[in-house]
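Undergrad: Residues per chain, in single letters:
2 protein chains.
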Amino acid sequence: MAKKHRAPKKNLYAVIIAGGKGTRFWPLSREAFPKQFLKLIGERTLLQETIQRLKGEVSPSNTLIVTTKDQKDIVDWQLKELLGDVNCVVEPEGKNTAPAIALAAFKLFKKRQDALMLVLPSDHFVSDRDLFNQTLHKAIPFAEKGNIVTFGIKPARPETGYGYIKTGRRLSKDTFKVSAFVEKPDAKTAKAYIKEGSYYWNSGIFLFRAKDMLDEIKKYMPDMYNTFTSIVKALNTKKEDEALKSIYRNLRDESIDYGIMEKSKKIVMTVADFPWSDLGSWSSLDEVMDKDEDGNVLIGNVVGIDCKDSIIFANKRLVAAIGLKNMVVVDTADATLITPKDKVQQVKQLVSKLKEEGKEEYLAPKIEERPWGYFSVLEKGPSHQIKHIYLKPKARLSLQMHNHRSEHWIVVSGTAKVQRGEEVFFVHTNESTFIPPTVKHRLENPGIIPLRIVEIQSGEYLGEDDIIRFDDVYGRRTE
Amino acid sequence: MAKKHRAPKKNLYAVIIAGGKGTRFWPLSREAFPKQFLKLIGERTLLQETIQRLKGEVSPSNTLIVTTKDQKDIVDWQLKELLGDVNCVVEPEGKNTAPAIALAAFKLFKKRQDALMLVLPSDHFVSDRDLFNQTLHKAIPFAEKGNIVTFGIKPARPETGYGYIKTGRRLSKDTFKVSAFVEKPDAKTAKAYIKEGSYYWNSGIFLFRAKDMLDEIKKYMPDMYNTFTSIVKALNTKKEDEALKSIYRNLRDESIDYGIMEKSKKIVMTVADFPWSDLGSWSSLDEVMDKDEDGNVLIGNVVGIDCKDSIIFANKRLVAAIGLKNMVVVDTADATLITPKDKVQQVKQLVSKLKEEGKEEYLAPKIEERPWGYFSVLEKGPSHQIKHIYLKPKARLSLQMHNHRSEHWIVVSGTAKVQRGEEVFFVHTNESTFIPPTVKHRLENPGIIPLRIVEIQSGEYLGEDDIIRFDDVYGRRTE
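Chains as they are written, first to last, in this note's numbering: chain A, 1 to 479; chain B, 1 to 479.
Certain hints may be false.
Repeated chains share a single entry, so a pair holds when one copy, or any two copies, can fit it.
[Stated by the list, open to error] In the DMTMM-like style, the derived pairs of lysine to aspartate or glutamate whose C-alpha atoms are separated by at most 20 Å in a straight line are:
1. 417 to 471
2. 353 to 292
3. 195 to 273
4. 355 to 306
5. 316 to 357
6. 316 to 360
7. 387 to 361
8. 325 to 306
9. 353 to 294
10. 341 to 306
11. 263 to 253
12. 308 to 286
These are computed hints drawn from the structure, not numbers from a lab.
Construct the entire structure; sequences and hints are all you get.
TA: Structure follows, in structure tokens:
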């Protein structure tokens with residue numbers, strides 16, 4: 001079937017909510033590296049997939065990412081290739097979906113009064129791009145008529161982990177008035193919903209005109225409306241960051257579902273036929289991933305004997321599993337999680353326990369991705385630290401200096417261009433160099449193949465904050 | 001109760017069989033590092049415990065370790081502190097217990113015709129030293145009268161994993177004639193044995209005069225007897241190694257149980273009251289280790305929620321376990337094993353599978369202990385390798401050279417004395433040095449605190465066999 005080639009609608013904006021924290025996919029996700037940034041399924045991260053899905057429907061310049069300060073760098077780095085310039089609006093702190101959507105609505109309405117907003121979570125699974133776009137096009141006429149359209153998923157099973165939408169009067173083949181938003185039901189109620197037939201899963205995907213959402217916010221969340229109105233002049237200007245900082249502290253943490261969707265009379269629902277999951281836990285991968293003949297999902301360096309219906313996520317280290325049934329095993333460089341599928345919800349409790357026991361290091365990512373490549377910490381001692389550093393071709397670190405540590409660099413593959421004080425020289429594969437404390441230096445990959453180096457830091461203080469940046473091609477400041 | 005201080009009997013020799021291979025405790029035990037070398041329980045390795053148990057009963061100079069070529073270095077290093085000089089006899093290859101015991105008997109008889117041999121596996125668990133020594137002293141008079149005494153363990157449960165000894169006529173309070181050695185029974189038979197009351201577990205600990213064992217070998221294993229007789233002149237001389245090499249190839253692989261114990265008419269059994277386990281698998285730790293109130297054995301960096309009756313062996317990496325029941329988890333630097341307790345026997349199958357799949361690297365130990373300290377491989381790449389090297393105070397590596405790799409040394413703590421070509425210099429903490437290929441070098445810890453260095457090897461070939469040793473304080477040759 002030949003696809004129609006349409007130009008993206010000029011007034012259609014995608015608003016991607018990418019501020020979510022969460023450690024439900026711990027130890028793969030970490031507090032500073034939540035699941036939208038993970039390649040859980042396939043070659044792209046969930047955030048990248050969300051953007052990729054919109055290609056041809058929403059132009060990159062019409063794509064707005066709502067994120068938080070601590071995630072901005074990661075968003076930039078993950079989307080640069082897909083979007084070119086990445087339009088981010090940075091919330092000073094996450095306050096749930098209502099402020100994030102309100103902020104986007106104010107910004108887009110200010111830009112273009114007929115702006116249509118497609119709001120998308122950045123960390124959900126949607127497998128069929130064509131079906132997704134078909135649903136979008138079914139929804140557009142309803143949004144253009146002033147409705148707030150939600151995308152409802154036909155329930156595949158009596159799931160107790162999702163909210164449901166109860167539909168009312170049919171407006172078209174696939175679109176209904178919404179009569180109620182319903183909280184996560186118990187098992188019995190969920191079964192009854194399925195039998196009854198008019199209930200759908202709430203996907204968290206919405207389409208509406210910015211204008212209409214602003215009207216509803218004014219009506220149902222007048223405090224928040226007024227707060228944003230007070231800074232509307234600064235939006236889309238250089239003063240935006242500062243203005244947001246001044247109001248965010250006082251905003252209430254609230255979801256759009258509770259704040260608007262459950263109250264507004266303008267809500268309609270379009271049935272979404274695409275396979276979908278909110279990926280709420282490790283066991284949710286069961287619904288979306290291909291399995292072997294024994295029902296296992298085995299990723300990475302896994303050797304299994306007699307395993308059934310288990311999910312094993314490994315990487316380079318070996319995970320050897322014998323006779324596992326309905327288990328989840330997630331192995332990362334510094335931590336391994338092992339639990340039966342029906343206990344994965346307790347990962348939250350586990351993360352709390354790690355905090356209580358002073359093991360916060362396991363809430364930070366072991367592999368740190370950076371605009372120029374990535375590094376991983378191989379070993380940490382009281383006065384030394386060994387890192388494996390990967391620089392993309394042509395990538396260049398900032399000119400920098402450390403007060404307390406020396407750095408030894410051994411080039412493992414590729415060629416490094418090193419500035420050390422006033423000298424500039426090349427270090428080739430299998431050669432090494434040494435940067436004493438308080439000497440300005442810069443590392444660069446001048447080549448067209450990746451540069452891999454091993455860095456040994458030694459000194460009395462090894463914190464990432466012992467860094468003075470003199471310039472930075474990635475626009476980061478020393479803080 | 002005051003202990004009697006006896007001088008060790010001059011004619012009593014301990015013969016420790018420390019040649020066993022095996023990977024039943026994989027991934028903690030490896031092919032080149034079997035379980036006798038592991039600290040499974042407490043501060044000492046099983047081999048060290050076996051020696052420690054004999055203190056005061058057998059003098060160090062009367063202790064003979066029967067081992068194989070590839071394990072000699074580890075035996076030396078593990079026992080040096082306990083024994084001073086370590087008397088090893090090195091079998092050219094392991095041929096099961098009959099040749100090992102025959103060899104020891106020939107050697108000791110040649111030394112002293114009234115030699116009494118206490119034969120001990122090096123990888124079993126015995127918890128009560130006093131009870132062990134009491135049993136030994138009950139057994140000695142029977143051995144001195146020409147009996148071959150086995151130590152029998154009163155069965156604690158109808159175990160199907162052990163061989164049994166059926167006792168006959170009572171000779172003293174704790175010693176019986178043996179009427180039969182019985183193979184591992186099925187569950188029903190094992191229950192019947194317990195009910196019947198005259199069956200004991202075969203501990204593999206024996207006491208006899210070398211002379212009597214040689215008589216029995218002559219009678220029941222005449223081929224092996226004649227083979228050893230042909231080289232008896234070389235035993236206890238410098239020619240021993242060579243002589244053994246000439247005969248071992250032709251020796252049959254046979255157990256002492258099958259070769260002698262099941263046939264000899266001289267066998268008696270002394271009841272051993274000490275807690276004992278052959279530590280046949282990970283689940284056997286259940287019998288010998290202290291558990292928490294939920295029945296768990298949790299070692300190392302483990303955070304558990306709602307776990308019951310599980311064994312979790314971790315080290316530095318974090319193992320996070322939720323809701324495990326009757327599971328075994330063993331985490332090491334490069335591999336993690338996860339299996340229910342009732343499947344641990346399949347570890348053998350798993351090890352075979354690793355070989356089939358070309359993952360032999362997981363059968364070698366990740367931490368390599370050496371006479372001078374130890375090293376661990378932090379990372380292995382196609383053309384580089386990073387090691388963490390620990391040198392004991394005053395330890396010194398051999399003067400050596402590599403043809404294909406360069407080595408970068410960064411001192412993390414302590415001070416290194418480095419010989420590089422004709423130069424000798426010191427490298428202090430946080431300093432580094434570089435050894436190009438084909439340059440003679442030596443690393444030494446001249447200090448009184450440990451020396452830790454990070455070594456990055458780089459080059460086209462990184463095999464451990466690219467080493468030319470010019471001298472070696474630990475007596476190792478370049479091979």
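Undergrad: Have a look at residue 353 and residue 292 and pick one of within, between, both or neither, based on CA distance no larger than 20 Å.
TA: Classified as between; 18 Å across copies, 34 Å inside a copy.
Undergrad: Cα distance capped at 20 Å. Does residue 263 pair with residue 253 within a copy, between copies, both, or neither?
TA: Cα proximity of residue 263 and residue 253: one copy only (17 Å, versus 83 Å across).
Undergrad: Please sort residue 316 with residue 357 into within, between, both or neither, judging by C-alpha distance up to 20 Å.
TA: between (28 Å within a copy, 15 Å between copies)
Undergrad: Within a copy, between copies, both or neither: where do residue 325 and residue 306 come within 20 Å Cα-Cα?
TA: This pair counts as both: shortest intra-copy Cα distance 9 Å, inter-copy 18 Å.
Undergrad: Is the C-alpha distance from residue 417 to residue 471 at most 20 Å within one copy, between copies, in both cases, or in neither?
TA: within (17 Å within a copy, 40 Å between copies)
Undergrad: Give the relationship of residue 195 and residue 273 under a CA distance limit of 20 Å: within one copy only, between copies only, both, or neither.
TA: Result: close within a single copy only, 19 Å intra versus 67 Å inter.
Undergrad: Cα distance capped at 20 Å. Does residue 308 pair with residue 286 within a copy, between copies, both, or neither?
TA: Only inside one copy: residue 308 and residue 286 sit 12 Å apart there, 26 Å across copies, limit 20 Å.
Undergrad: Within, between, both or neither: how does the pair residue 316, residue 360 come out at a Cα-Cα threshold of 20 Å?
TA: So residue 316 and residue 360 pass the 20 Å test across copies only (15 Å; inside, 23 Å).
Undergrad: 20 Å Cα cut-off: does residue 341 pair with residue 306 within a copy, between copies, both or neither?
TA: Both: 17 Å inside a copy, 14 Å across copies.
Undergrad: Between residue 353 and residue 294, at a C-alpha cutoff of 20 Å, which is it: within one copy, between copies, both, or neither?
TA: Between. Shortest inter-copy distance 18 Å satisfies the 20 Å Cα cut-off; intra-copy 34 Å does not.
Undergrad: Between the shortest in-copy and the shortest cross-copy C-alpha distance, which are at most 20 Å for residue 355 and residue 306: within, between, both, or neither?
TA: between (36 Å within a copy, 18 Å between copies)
Undergrad: Treating 20 Å as the Cα threshold, decide for residue 387 and residue 361: within, between, both or neither.
TA: within (16 Å within a copy, 23 Å between copies)
Checked against the numbered hints above, the structure breaks none of them.
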